[in-house]
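Visitor: With the hints as your guide, set chain W onto chain X.
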Amino acid sequence: MTTTTQETPGSGKNRWTNFFIVQAWLVLLLASFFGAALAGIQLTLAPKIEANKLNETLEKVPELILGADAARASKDSGQQMEINRQYMTAGTKTYSVFKAEKDNQTAGWVVKASGQGYADKIELLVGVDETVNTITGLFVLDQKETPGLGNKIMEPDWRRQFVSKPTHLLLTAVKTKADGPGEISAITGATISSKAVCDIVNQSLNNLRQPLAKAASDKKKPSEKQQEKN
Amino acid sequence: MADQPTAFERFTQGILPENPVYRQLLGLCPVLAVTNSVQGAMTMAGAVLFVLLCANVIISLIRDLLKPHLRIVIFTLTIATFVTIVDRFLAAYMYQMSKNLGPYIPLIIVNCIIICRCEVCASKQSVFTAASDAVGQSLGFALALASIASVREILGTGMFFGFRVLPEMWPDWVIMVLPPGAFLTFGLLLGAVNWVAARKKG
Numbered sequence: 022m023t024t025t026t027q028e029t030p031g032s033g034k035n036r037w038t039n040f041f042i043v044q045a046w047l048v049l050l051l052a053s054f055f056g057a058a059l060a061g062i063q064l065t066l067a068p069k070i071e072a073n074k075l076n077e078t079l080e081k082v083p084e085l086i087l088g089a090d091a092a093r094a095s096k097d098s099g100q101q102m103e104i105n106r107q108y109m110t111a112g113t114k115t116y117s118v119f120k121a122e123k124d125n126q127t128a129g130w131v132v133k134a135s136g137q138g139y140a141d142k143i144e145l146l147v148g149v150d151e152t153v154n155t156i157t158g159l160f161v162l163d164q165k166e167t168p169g170l171g172n173k174i175m176e177p178d179w180r181r182q183f184v185s186k187p188t189h190l191l192l193t194a195v196k197t198k199a200d201g202p203g204e205i206s207a208i209t210g211a212t213i214s215s216k217a218v219c220d221i222v223n224q225s226l227n228n229l230r231q232p233l234a235k236a237a238s239d240k241k242k243p244s245e246k247q248q249e250k251n
Numbered sequence: 317m318a319d320q321p322t323a324f325e326r327f328t329q330g331i332l333p334e335n336p337v338y339r340q341l342l343g344l345c346p347v348l349a350v351t352n353s354v355q356g357a358m359t360m361a362g363a364v365l366f367v368l369l370c371a372n373v374i375i376s377l378i379r380d381l382l383k384p385h386l387r388i389v390i391f392t393l394t395i396a397t398f399v400t401i402v403d404r405f406l407a408a409y410m411y412q413m414s415k416n417l418g419p420y421i422p423l424i425i426v427n428c429i430i431i432c433r434c435e436v437c438a439s440k441q442s443v444f445t446a447a448s449d450a451v452g453q454s455l456g457f458a459l460a461l462a463s464i465a466s467v468r469e470i471l472g473t474g475m476f477f478g479f480r481v482l483p484e485m486w487p488d489w490v491i492m493v494l495p496p497g498a499f500l501t502f503g504l505l506l507g508a509v510n511w512v513a514a515r516k517k518g
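Chains as they are written, first to last, in the working numbering: chain X, 22 to 251; chain W, 317 to 518.
Here chain W stands alone, though its shape is the one from the complex:
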């Protein structure tokens, strides 16, 4: 298949041109749920990177053995395994973070970014391409989470990554760390990204 993107293209596309959150609008559950603090968001992004990388590599290794009618089962099986590993790992070594993120770590299983990359890229292309695709998409996801979480944490608590950045007199916009803040921030940032993209096109 000559028209498949190369490894480098896969990597760069994931970060901005095909950003999973801002351009593909995939995996919005964690985007809305865990972005009230940058630390939580980055832990989630790390977990997604690990799961996506492992799942993409495994699927790419066995891509010639996949049968069309059984591929989704195999994707889900692989993803669920790695998500469980991440979940146990966080509970053992980052206990408080694991409690904060709660069910959103197990919910990575149904994060459609991962199954989408398995289907679109890993089940068709080489291991190296699949791995760089996973890293690119995860970086894009991390970037999106970081941008939303920064806005919400700074405006909502006056802190960034747990350190105070706004003066003490800042009246914390509590709504920003509550669910409505997620929708507001995401909507405005999505609008901004689309506006910039439209202007670029000319």
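Bound conformation, chain X alone:
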């Protein structure tokens, strides 16, 4: 029996130290270290960030359903909307849905929807009336679109275009003046961001229109019964 010692041909040591992983050992080490640190940060801060977003959402719900002026008026007159959060699974996604009730009647729904924008995920709040026939408001909860171009999706003037659009139509972003019933005029220089917002709204409403309408009519019955009893 013969044992052979394995030797790398040529100048072995040089080849080993020139190997790219050895060259980059510090990069790899730091990357894993920083990655772990960021994971820790994310784990500790994520609940707090989610709570902030939830607070903002709850604050925006009346405005998204009633419109800014009516929401302010109802707040001034001391009327409070009762907002309930629920989860709805439709298609492959689970949505957070906020049901707003005023005087024990459903005033409308706000759906939290998200999707890919031009730079990063866009998170939207879409307000619809109680029968889920028309859009009553749109708010951008989170976005990282290009400053000066894509981030104009946050501007009230642009978002106002979505108000009172019917939910059964698929919205399209057009580069010309929006004339058709389902047309939204895209932001100049930010067609992709504009389209992304339309797509997110379309997808979420398409998925949720029927479940929401069903929930609305289901909820009505028990309350009607109660009234009869009384």
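Honestly, the hints are just simulated from the structure, not real lab data. Small disclaimer: the values here were computed from a predicted structure and weren't measured. Glycine included, C-beta positions come from ideal geometry on N, C-alpha and C. Some clues are possibly wrong.
Derived contacts from chain X toward chain W, CB cut-off under 7 Å, selection only [said to hold, decoys possible]:
1) Leu47
2) Leu49
3) Leu51
4) Phe55
5) Leu59
6) Ile62
7) Leu66
8) Ile70
9) Asn73
10) Lys133
11) Pro168
Guide: Same frame as chain X, now just chain W:
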């Protein structure tokens, strides 16, 4: 290396003689973008201080291990980590401010002041020198942001740090809080700084 500046020199140079904004003209993106209110500008300056200090200290600690062809990757990696920490922290504890500043916090990653200090100072000098360099440069940056933001906020809204300083009858120069106001203010202040510097030289 005997000709490298000392820690104290690094600190003082950053504030005025080598002010990152007025003298080096670095990091102008946040200078123009977030200076429409003093509060926003100071939050940005604080974020830059944290990122620059942490990045400089880490880079200085590992400066003997850096390989020339891999150093930029390591700088960027370190900076990106600390920027992400700041971004998450603001979103958790200063939510409204984080929304106002929007993408400009993540954009600190590409702020060239930080990578410049890592390259010029931290990768060559001791931890203490690198830290004082970071503080000095950040103070210079904060000073520049504060000067521009004060002019813009006072003229644009009649307020300073959210408090009214000009009488109610002041017609708000809205243009000052819009992007053109940033260019106008920065250009005029930069001219003034250069004029004073030239006169000093005699």
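Visitor: Work down the list of hints and note, for each, if the structure agrees.
Guide: Here is how each hint holds up against the structure:
Contact between Leu47 (chain X) and chain W, as hinted, is supported at the beta carbon level, the nearest pair being about 5 Å apart and thus within 7 Å. Taking 7 Å as the C-beta contact cut-off toward chain W, the hint placing Leu49 (chain X) at the interface is violated, the least distance being around 10 Å. For Leu51 (chain X), the interface hint holds, the least distance from its beta-carbon to any beta-carbon of chain W being 6 Å, beneath 7 Å. Evaluation of the Phe55 (chain X) hint against chain W yields a held restraint, the C-beta minimum of about 4 Å falling below 7 Å.
A cut of 7 Å between beta carbons decides the hint on Leu59 (chain X): the least distance to chain W is about 6 Å, and the hint holds. Residue-level restraint check for Ile62 (chain X) holds (minimum Cβ-Cβ distance to chain W is 6 Å; threshold 7 Å). Proximity of Leu66 (chain X) to chain W holds as hinted, the smallest CB-CB distance being about 4 Å (cut-off 7 Å). Contact between Ile70 (chain X) and chain W, as hinted, is supported at the beta carbon level, the nearest pair being about 5 Å apart and thus within 7 Å.
About 4 Å separates the beta-carbon of Asn73 (chain X) from the nearest beta-carbon of chain W, less than 7 Å, and the hint is met. Violation of the interface hint for Lys133 (chain X) is found here, the shortest Cβ-Cβ separation to chain W being roughly 16 Å, above the 7 Å cut-off. The interface hint given for Pro168 (chain X) is met, as the beta carbon of that residue sits about 6 Å from the closest beta carbon of chain W, less than 7 Å.
Consistency note: the structure conflicts with the earlier hints numbered 2 and 10.
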